[in-house]
Amino acid sequence: MISKNFNFVPLKRFVAPLLLLIVVGFVCSAINSQYVGEEMKFAYNQRALLLITLMAFIAAHLQNKPKVLPIVLNAYLASTLLLYLLAAMGYGASFVHGRIYLFGENPNVLGVKGVLAFLIIMSGLINRFSVKRLIITIPICVPFISLVVLSGSRGAFISMFLGLGVLLFFRKTGVVNKWAIFIFGVFISSLLLTYLLETNPVMAERMMETVETGDTGRNVLWSTAFNIIGDHTLVGAGFTGVKPMMYAYSGLYMNPHNIFLYIFIACGLPGIVLFVMFLLRLVKLLLLHFKRYGDSLNLVIFVIVMFNMSKQGGSIVKILFWFFFAILIGSTIQILSQKGQKRIAE
Numbered sequence: 010m011i012s013k014n015f016n017f018v019p020l021k022r023f024v025a026p027l028l029l030l031i032v033v034g035f036v037c038s039a040i041n042s043q044y045v046g047e048e049m050k051f052a053y054n055q056r057a058l059l060l061i062t063l064m065a066f067i068a069a070h071l072q073n074k075p076k077v078l079p080i081v082l083n084a085y086l087a088s089t090l091l092l093y094l095l096a097a098m099g100y101g102a103s104f105v106h107g108r109i110y111l112f113g114e115n116p117n118v119l120g121v122k123g124v125l126a127f128l129i130i131m132s133g134l135i136n137r138f139s140v141k142r143l144i145i146t147i148p149i150c151v152p153f154i155s156l157v158v159l160s161g162s163r164g165a166f167i168s169m170f171l172g173l174g175v176l177l178f179f180r181k182t183g184v185v186n187k188w189a190i191f192i193f194g195v196f197i198s199s200l201l202l203t204y205l206l207e208t209n210p211v212m213a214e215r216m217m218e219t220v221e222t223g224d225t226g227r228n229v230l231w232s233t234a235f236n237i238i239g240d241h242t243l244v245g246a247g248f249t250g251v252k253p254m255m256y257a258y259s260g261l262y263m264n265p266h267n268i269f270l271y272i273f274i275a276c277g278l279p280g281i282v283l284f285v286m287f288l289l290r291l292v293k294l295l296l297l298h299f300k301r302y303g304d305s306l307n308l309v310i311f312v313i314v315m316f317n318m319s320k321q322g323g324s325i326v327k328i329l330f331w332f333f334f335a336i337l338i339g340s341t342i343q344i345l346s347q348k349g350q351k352r353i354a355e
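Numbered according to the working numbering, the sequence shown spans residues 10 to 355.
In short, the hints are calculated from the structure, not lab data.
Where is the CB? At the ideal position from N, CA and C, for every residue including glycine.
A portion of the hints provided could be inaccurate.
Across the chosen pairs, the derived CB separations fall in these ranges [claimed, not checked]:
hint: 1; residue 1: Arg137; residue 2: Gln55; range: 38 to 44 Å
hint: 2; residue 1: Ile145; residue 2: Ala102; range: 26 to 32 Å
hint: 3; residue 1: Ile40; residue 2: His106; range: 37 to 43 Å
hint: 4; residue 1: Ile145; residue 2: Leu243; range: 50 to 56 Å
hint: 5; residue 1: Thr203; residue 2: Val77; range: 35 to 41 Å
hint: 6; residue 1: Asp240; residue 2: Gly303; range: 44 to 50 Å
Pairs of lysine to aspartate or glutamate, EDC-like flavour, derived with a Cα cap of 20 Å [claimed, not checked]:
hint: 7; residue 1: Lys300; residue 2: Glu114
hint: 8; residue 1: Lys76; residue 2: Asp304
hint: 9; residue 1: Lys293; residue 2: Asp304
hint: 10; residue 1: Lys74; residue 2: Asp304
hint: 11; residue 1: Lys252; residue 2: Asp240
Could you build all of it, start to finish, from the sequences and the hints given here?
Now the structure itself:
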């Protein structure tokens, strides 16, 4: 039954490096067994393995039924809108230091959800611009922008403008139209910037702190991670050894808040090579898809996902990021078979 509904063969080029990454992490955990404890599931990061498996199933389903993709994206937009409505009505919402926690979820993740929903909507406007679409798009975007404001996340704040920049840069159009849209984008970005900073003093204070001091809130963690990597380059500490190693070097029992540093500490040089291999294969696929169809949404999603995985702790076990990896792979994988058929025809 599974073999009829899910074709995993085209996905092996993406899934194989990730599974090998889990194996490398398990070996590193076995070498540093003092960090493992009694439960072996932490030695191979059971949650990461489950999310990689889920990613493969979602991607395989989208590959077999590409018409499902718009439904999936609309369902995501609807769920994010529901988050905003719940926050607006106060259900499950609490505020700590001026930042919203919705049902206990980290505000940084909530902010990223709002940004991705905002960029999915803006992609439709920028790639198929019209005054009518503009009038419809603006009110739809307000709840998603509000989530970013409520989250107080500097990363989500920057992601909005980064995503808009990528959308404009990769839009296929004439020079005059590109400049017109660029000017419009700068105007809208200025309005957004002013709105966000004036309506959220917490966001404004956090941004000013970063501008004035250069402190991203992760400087100490990243510096510590680089020191660990310098001393343990080839063999990592294992998935269970990341936090103890960070504590030993800095006194902070925390992840390094960067997916690349986390994997390097956990799995050493072999692990980071495997993860970068996965990313490079995905980037190549996305560029091929963009070259064929001219739709920049997938590239924008990839940039935003990687930007936020590079600044959030525990991002390797967050379903949001693997969900979007699945969408990126499943919605573009057919370009490889088309390329192969074209080569045979030639």
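Right, here's what the structure says about each hint:
1. In this structure the hint that Arg137 and Gln55 lie 38 to 44 Å apart at CB holds, the actual value being about 43 Å.
2. Here the CB-CB span from Ile145 to Ala102 is close to 28 Å, well matched to the stated 26 to 32 Å.
3. A C-beta distance of roughly 40 Å is found between Ile40 and His106, which places it inside the suggested range of 37 to 43 Å.
4. The hint said 50 to 56 Å for the Cβ distance between Ile145 and Leu243, and at roughly 55 Å that hint holds.
5. For the pair Thr203 and Val77, the beta carbons lie near 39 Å from each other, so the given range of 35 to 41 Å is met.
6. Roughly 47 Å separates the CB atoms of Asp240 and Gly303, a value that falls within the hinted 44 to 50 Å.
7. Note on Lys300 and Glu114: the hinted pairing is violated, with a Cα-Cα distance of about 37 Å set against a maximum of 20 Å.
8. With a C-alpha separation of about 16 Å, the suggested pairing of Lys76 with Asp304 holds against the 20 Å cut-off.
9. Note on Lys293 and Asp304: the hinted pairing holds, with a Cα-Cα distance of about 15 Å set against a maximum of 20 Å.
10. Note on Lys74 and Asp304: the hinted pairing holds, with a Cα-Cα distance of about 19 Å set against a maximum of 20 Å.
11. Of the pairs offered as hints, the one joining Lys252 and Asp240 holds, with about 16 Å between alpha carbons and a cut-off of 20 Å not exceeded.
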